[in-house]
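Undergrad: Listed below, chain by chain, are the residues.
There are 2 protein chains.
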Amino acid sequence: MRTEEAHHQSMTTTAGPAHAAEPTASSTPRPHAAEPTTGEFGREEVLLASRNHAMPLELLRWERTPAGMHFLVMHWDVPMVDPVAWRLKIGGAVVEPAEFSLADLRARDRMSMGVTLECAGNGRSLLQPRPVSQPWVHGGVSTAEWTGIPLVALMDETGLRPDAVELVFSGADRGFQGGVAHAYERSLPVRAAVSGDVLLAYEMNGQPLLPQHGFPLRLVVPGWYGMASVKWLDRIDAVTQAFEGFQQRFAYRLQQDADDPGEPVTRIRVRSLMAPPGIPDFFSRRPIVPAGATKLRGRAWSGYGLIKSVQVGIDGRWLPAQLDEQDGRHAWRGWSCVWQAEEGDHELICRAEDDAGNIQPLEPEWNYQGMANNAVQRLQVTVLPSVSDGTALP
Amino acid sequence: MRTEEAHHQSMTTTAGPAHAAEPTASSTPRPHAAEPTTGEFGREEVLLASRNHAMPLELLRWERTPAGMHFLVMHWDVPMVDPVAWRLKIGGAVVEPAEFSLADLRARDRMSMGVTLECAGNGRSLLQPRPVSQPWVHGGVSTAEWTGIPLVALMDETGLRPDAVELVFSGADRGFQGGVAHAYERSLPVRAAVSGDVLLAYEMNGQPLLPQHGFPLRLVVPGWYGMASVKWLDRIDAVTQAFEGFQQRFAYRLQQDADDPGEPVTRIRVRSLMAPPGIPDFFSRRPIVPAGATKLRGRAWSGYGLIKSVQVGIDGRWLPAQLDEQDGRHAWRGWSCVWQAEEGDHELICRAEDDAGNIQPLEPEWNYQGMANNAVQRLQVTVLPSVSDGTALP
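Chain order of the listed sequences is W and F. If you want the numbering used here, it's the position in the first sequence, counting the first as 1, plus 2. If you want the numbering used here, it's the position in the second sequence, counting the first as 1, plus 2.
Read the hints as simulated data drawn from the structure, not as lab findings. A few of these clues could be false.
Identical copies look the same in the list; a pair holds intra-copy or inter-copy alike.
In silico SDA-like links for lysine to any residue, alpha-carbon gap of 20 Å or less [as the list claims (entries may be wrong)]: (1) K297 / P38; (2) K297 / P81; (3) K91 / D391; (4) K310 / S114.
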């Protein structure tokens, strides 16, 4: 087991600014490979979209996102982890460093909960100019039932030294970003990590984790954007100084430009989305809806509190949506409203407010990495007198 | 139960050229919404890529593609099918029309087999000019273990009238394409449908079908491109004239231009792909490999026969790959070869030949819809003296 000091040293050597290569003229390693653009999309963005796939918005009709439809972010390749040889190693500023096999973890009391995760970059491609990275539109959000053991239970076993300030979570995935090779590593302040519902999850929707979701073990941090929920977890280290790895110090920041140190991305901003009504056109995805009473359905969530209300805007006129029962503290909340659809083209909007008083902005707040864009969804819909097999578009 | 004549009538009314709307000046409904382009990618293509996701190429290391990593094509929205109310209806030119519940089907003798499916559009975005539709690069291929009952067993129960020429398979998914609303429907000649290993599958990799893969029942047609394996199957009709639905007559054709009637896409052309060695760069996906002996691994498949050989090209020099054991008749075949990687940039190619004598072309064969591009993969790789955490790109 490395000592905590050696680990801190190794992490700053690996990914910190003092030793990192400089991929650009700037002194700051860049998480994004190019400057924001107003142009069309490049092949790299298409490849990222096809790997790190979205949840198709019609899946908002499902309370729990089925396996394989949960949105996905993998910075690099999916690692093949041998679950027999695998151990979770806990070290650094702890009282008793320890290792746990998967069987060790499964033998402990388990906890299950529905958790809505959202990628911090969800909505990035709607910004102008567009930050060039994973080109999310709206679908970087999903809700699964996660099962595992509370992180706090394991940390109670190893104990934390009083000078520990953060826990650093390391994944088995590695690759290059910002010009330097590193493993995916993120930290949480001790208080956030061990108070509450942070989970070491080994099941998703009642099945062992799939390889792409972090098999055999991942962190699930309810209320935080997905970058905090480290996958393929194999090491937790308590550290006595703030972690400065690449994915913490340079990626996932709210910056105004490349040299702005910015603020870290943390909790999920309040947001709502609508399942497209009617049936879509293959290429444009525009929903085509028959005239008459149409039930609009969607989900809303916030990392800052419970959802208090959802408003639906029909061509600029606001209607209150009806909220489903709240489903635990960490899962999205369903909503619905009936729309009397009249022939023609319409714009549908949904806008949520949480009980901390946060409300979605009508326009995106631009930032350099394209993070945490929670502006309202605007859905352009065509209503025809009727829609059945053989109906032609006007 | 509709009569066979009425069904044929309804299908040509629905989607045939005589009654279809004309979305363009041409008399031919267009499966693609725009002409081929040499430009960058539009938002619609990015959205399609994020819905209809690829199998990331490192998953070639898995013999069976895990749930959720299998490539996905959904022309429209994923339908929510109630498995209790659902029935498979078999009618048209059969002796005894019949309906089957899911329990009826599960009570019959089951069959399992590994089947490699590939989207007919796989490789589309590598064509110049690029047909504008689902923008596949390489990842539209996967292999799952499918379980269900042979179609021939069910057709033996209903019987086929001697004048039946095709079976038409109808899915529960519907939407607009080519300007007209229709359900997804495809036919197979009777001989192809009832002789051999065509499966009505209700399980994938030992689990009930996931919603996006066709729950509760789908067709699996080994050796054919994926468009034949109709999902969310709810009706099979025997017909006495060739089926002329939109997805048969206009989509999935090898055309030279929009007005060329073209040839139908059928079986999967011979192809091989390589799992990227080393570790990737996040944005460019370029593999970075340490110098020395590197095992290259991949898979190869063909709908026309078994794989006979795979050659690996290193900077234009060909080496024979070693083939894994053949895994059934319908699953891809693994291959590997050891590459002595030397510092610098290299181009890696793989090229398969099947036992019917088909070999992959070195350059794509262009066609208007971007179908069946089985040209060799060309992988640009950077070799560094060593690669470990902290290694900087040159």
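Undergrad: Against each hint, give a clear statement of whether it holds in the structure.
TA: We went through each hint and held it up to the structure:
no., hint, in the structure
1, K297 / P38, "neither (38 Å within a copy, 38 Å between copies)"
2, K297 / P81, "between (43 Å within a copy, 16 Å between copies)"
3, K91 / D391, "between (58 Å within a copy, 19 Å between copies)"
4, K310 / S114, "neither (24 Å within a copy, 49 Å between copies)"
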